[in-house]
Amino acid sequence: MPGKMTFNVYDDVHKKNAEGIEYDLWRINNGKDRVNMKHEKLAVGNSHVLVEANKEEELGTFEVVIYAKDYFDRFNENIEVKNSRYVIPFGVKDLSQDYHLNIHISPTSYTCTL
1 MPGKMTFNVY DDVHKKNAEG IEYDLWRINN GKDRVNMKHE KLAVGNSHVL
51 VEANKEEELG TFEVVIYAKD YFDRFNENIE VKNSRYVIPF GVKDLSQDYH
101 LNIHISPTSY TCTL
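Following the UniProt record's numbering, the numbering of the sequence shown begins with 1 at its first residue and continues without gaps.
Rather than coming from a laboratory, the hints here were simulated on the basis of the structure. Hints are not guaranteed to be accurate.
Calculated cross-link-like contacts (lysine-lysine; reagent style PhoX-like; alpha-carbon spacing at most 20 Å) [to be verified]:
no.: 1; residue 1: Lys69; residue 2: Lys82
no.: 2; residue 1: Lys15; residue 2: Lys69
no.: 3; residue 1: Lys93; residue 2: Lys55
no.: 4; residue 1: Lys82; residue 2: Lys32
no.: 5; residue 1: Lys55; residue 2: Lys4
no.: 6; residue 1: Lys93; residue 2: Lys4
no.: 7; residue 1: Lys55; residue 2: Lys38
no.: 8; residue 1: Lys4; residue 2: Lys41
no.: 9; residue 1: Lys41; residue 2: Lys69
no.: 10; residue 1: Lys41; residue 2: Lys15
no.: 11; residue 1: Lys4; residue 2: Lys38
no.: 12; residue 1: Lys93; residue 2: Lys16
Model, not experiment: these values are computed from the prediction.
With the hints as constraints, model all of the structure from the sequences given.
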């Protein structure tokens, strides 16, 4: 069974899932080299798979980059966004484990729990 990391993003301002928010997934090699794994928009609905590791060499350290400013700008509400994007590092270390990252965003900050 593969180890995987799923995630969801919740908009604390509008009290709803942040559907359509753009994100990048980066793999961090040797603590410094970054490789872009995907650029997508979060679809409507449940949790989304960020990483699915089927072999030991697919485990490792990653970053998900959430494009908060672009998301909040869509509402045309003159929301001042402190950071244009939020960078959230995480690791997938075990093929037998499933992980879930809950991310809450606002114009000034984010919180996440694993």
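Unsatisfied constraints (hint numbers, rising): 4 and 12
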